[in-house]
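A.B. asks: Chains as they are written, first to last, in our numbering: chain A, 3 to 110; chain B, 10 to 123.
Don't read these hints as lab results, they were simulated from the structure. Be aware that a few hints might be false.
Which stretches of chain A does chain B cover? Using the computed rule of at least three CB atoms under 8 Å from a CB of chain B, they are [stated by the list, open to error]:
{"no.": "1", "segment": "3-13"}
{"no.": "2", "segment": "34-40"}
{"no.": "3", "segment": "46-56"}
{"no.": "4", "segment": "63-77"}
{"no.": "5", "segment": "80-93"}
{"no.": "6", "segment": "98-105"}
The following label-pair restraints were derived from C-beta to C-beta distances [unchecked claim]:
{"no.": "7", "chain 1": "B", "residue 1": "66", "chain 2": "A", "residue 2": "17", "range": "21 to 31 Å"}
{"no.": "8", "chain 1": "A", "residue 1": "17", "chain 2": "B", "residue 2": "107", "range": "26 to 36 Å"}
{"no.": "9", "chain 1": "A", "residue 1": "66", "chain 2": "B", "residue 2": "39", "range": "35 to 45 Å"}
{"no.": "10", "chain 1": "A", "residue 1": "35", "chain 2": "B", "residue 2": "21", "range": "28 to 38 Å"}
{"no.": "11", "chain 1": "B", "residue 1": "74", "chain 2": "A", "residue 2": "75", "range": "34 to 44 Å"}
{"no.": "12", "chain 1": "A", "residue 1": "27", "chain 2": "B", "residue 2": "66", "range": "32 to 42 Å"}
{"no.": "13", "chain 1": "B", "residue 1": "18", "chain 2": "A", "residue 2": "75", "range": "15 to 25 Å"}
{"no.": "14", "chain 1": "B", "residue 1": "79", "chain 2": "A", "residue 2": "25", "range": "28 to 38 Å"}
{"no.": "15", "chain 1": "A", "residue 1": "66", "chain 2": "B", "residue 2": "74", "range": "21 to 31 Å"}
{"no.": "16", "chain 1": "B", "residue 1": "36", "chain 2": "A", "residue 2": "5", "range": "32 to 42 Å"}
{"no.": "17", "chain 1": "B", "residue 1": "107", "chain 2": "A", "residue 2": "64", "range": "42 to 52 Å"}
{"no.": "18", "chain 1": "A", "residue 1": "4", "chain 2": "B", "residue 2": "106", "range": "35 to 45 Å"}
Note that beta-carbon positions come from the ideal geometry of N, C-alpha and C, so glycine has one too.
Here is how the chains run, residue by residue.
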Amino acid sequence: MAHWGYLLVLAACLIITLPLELGLRTRVYARWQRLLLTLTPVMIMFGGWDLYAVSRHQWSYDRARVLVVLPGRLPLEEWLFFVVIPICIILSFEAVRRVRPNWRDPEA
Amino acid sequence: MTYTVSVLVALAVAAIVDLGLLRTFLLGRRVFWVSYAIVLVFQLVVNGILTGWPIVRYDPRTILGTRVVEAPVEDLLFGFSLALLTLSIWVALGRRAARAPHGPGRARRRSPAA
Chain A
3 MAHWGYLLVL AACLIITLPL ELGLRTRVYA RWQRLLLTLT PVMIMFGGWD
53 LYAVSRHQWS YDRARVLVVL PGRLPLEEWL FFVVIPICII LSFEAVRRVR
103 PNWRDPEA
Chain B
10 MTYTVSVLVA LAVAAIVDLG LLRTFLLGRR VFWVSYAIVL VFQLVVNGIL
60 TGWPIVRYDP RTILGTRVVE APVEDLLFGF SLALLTLSIW VALGRRAARA
110 PHGPGRARRR SPAA
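Make a model of the complete structure from these sequences and hints.
C.D. replies: This is the structure we're talking about:
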């Protein structure tokens with residue numbers, strides 16, 4: 003069961019933020035092309051940094067608490083982290099914009 | 010580079026993207042800082058689980074050693090850089106869509122640069 007640990011943490015992040023999309027209508031998942039275009043460079047930069055840090059033994063992952071370790075010694079969950087967490091960040095941002103529309107940048 | 014140094018590099022990259030490259034100027038906008046404050050609360054919870062359980066372990070030689078809710082203090086800057094870079098790209102792409110002739114939002118041709 004511990005193997006599911008990291009994945010469950012990420013799943014909880016998505017579940018907790020889902021009401022922002024469904025209830026507040028943040029339209030983050032709905033704008034999936036823009037979302038993919040945002041996630042790609044973020045994943046390249048932060049994933050690359052992660053690969054570098056792991057190769058230098060700056061941090062490591064407990065193999066008992068992840069499902070799959072991919073080449074480069076990064077667990078699958080760590081790559082998913084760079085999908086899930088940016089989504090949660092964008093959802094929070096769009097939620098604030100929905101609640102406070104007068105703070106909205108007219109150009110964005 | 011230690012984690013301490015690389016996190017400062019990441020912070021600089023994110024700030025350059027926001028202020029120079031994409032010119033989204035999120036660092037000067039209230040909507041960004043309020044969003045970041047919300048993200049920070051949840052980061053402390055999630056990071057606390059990841060580093061306290063622990064799922065991830067740090068080499069003590071690569072960090073300053075100061076910890077905030079189990080996580081190295083460097084993780085706070087990591088999270089800030091991640092938030093700033095992600096939102097800067099997201100906002101820039103939205104701006105581009107709003108300016109596109111047939112895109113969503115106002116279709117504006119030959120409009121003066123804002």
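A.B. asks: Hint by hint, say whether it matches the structure.
C.D. replies: How the hints compare with the structure:
no., hint, in the structure
1, 3-13, "holds (count 3)"
2, 34-40, "holds (count 4)"
3, 46-56, "holds (count 5)"
4, 63-77, "holds (count 4)"
5, 80-93, "holds (count 5)"
6, 98-105, "holds (count 4)"
7, B:66 - A:17: 21 to 31 Å, "27 Å, holds"
8, A:17 - B:107: 26 to 36 Å, "31 Å, holds"
9, A:66 - B:39: 35 to 45 Å, "43 Å, holds"
10, A:35 - B:21: 28 to 38 Å, "29 Å, holds"
11, B:74 - A:75: 34 to 44 Å, "24 Å, violated"
12, A:27 - B:66: 32 to 42 Å, "40 Å, holds"
13, B:18 - A:75: 15 to 25 Å, "22 Å, holds"
14, B:79 - A:25: 28 to 38 Å, "31 Å, holds"
15, A:66 - B:74: 21 to 31 Å, "25 Å, holds"
16, B:36 - A:5: 32 to 42 Å, "40 Å, holds"
17, B:107 - A:64: 42 to 52 Å, "45 Å, holds"
18, A:4 - B:106: 35 to 45 Å, "43 Å, holds"
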